[in-house]
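Listed here are the chains, written in short residue letters.
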Amino acid sequence: ETGVTQSPTHLIKTRGQQVTLRCSSQSGHNTVSWYQQALGQGPQFIFQYYREEENGRGNFPPRFSGLQFPNYSSELNVNALELDDSALYLCASSLGTEDTGELFFGEGSRLTVL
Amino acid sequence: AQSVTQLGSHVSVSEGALVLLRCNYSSSVPPYLFWYVQYPNQGLQLLLKYTSAATLVKGINGFEAEFKKSETSFHLTKPSAHMSDAAEYFCAVSVYSSASKIIFGSGTRLSIRP
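Residue numbers (the working numbering), protein chains in the order written: chain A, 1 to 114; chain B, 1 to 114.
If a hint is listed, it holds; no wrong ones were tucked in.
Quick partial rundown of chain A residues pointing at chain B, CB under 8 Å, derived from the structure:
#1 41
#2 48
#3 108
In silico negatives: residues of chain B with every beta carbon more than 12 Å from chain A:
#4 55
#5 63
#6 64
#7 80
#8 83
#9 85
#10 86
Keep in mind that the hints were calculated from the coordinates and are not lab data. All C-beta atoms in this analysis are idealised placements derived from N, C-alpha and C, irrespective of residue type, glycine included.
The following block holds chain A by itself, in its conformation from the complex (with noise of 0.2 Å):
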């Protein structure tokens, strides 16, 4: 069994650049949710994609966009960077929308915004 994988594992960008990270969920995982967490805080709900559509939605920006391919890998894309960017990203998956919650997450893309 494939566990969650995401690249790349750091990145460092400046102010105003776009990124893209990329994540590979569990096999047989239909759906990804995206975490953003700050140093020392508890990871934030960014959004969940179920079969390549937006299912649910945090308190972020537009500028915080992703997509899901059909083979259920997703990405999520910041654009405009800012400062308060700067964090580890989780992805996590799971089978359906409305299971008893268990997330499988991967290890995080650790982004620094300069």
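Starting from the known structure of chain A, arrange chain B on it as the hints suggest.
Quick look at chain B alone, frame taken from chain A:
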């Protein structure tokens, strides 16, 4: 809206001592509750979950948690701490209609003294 509050950002116990990590929840409907653990430089891993069955929930690595509706609490305990338990612990909540949109607390860092 549902939320969780974790009391104590840092807890330190001696090896072999009782571990108690506190979590209180707020939800207008019966919640699902979870504890996740995050080891350094890793993603989150599910420890245990409450989904309205037994109020005492047993998880992995000897951890358990008790759902107390009257106290709106879901504290995590382990009778005897081990050095390998040192990690960040997150309490989380969701509601049935959107079970995978989990809301996390701010986390408690557990340190184990030799």
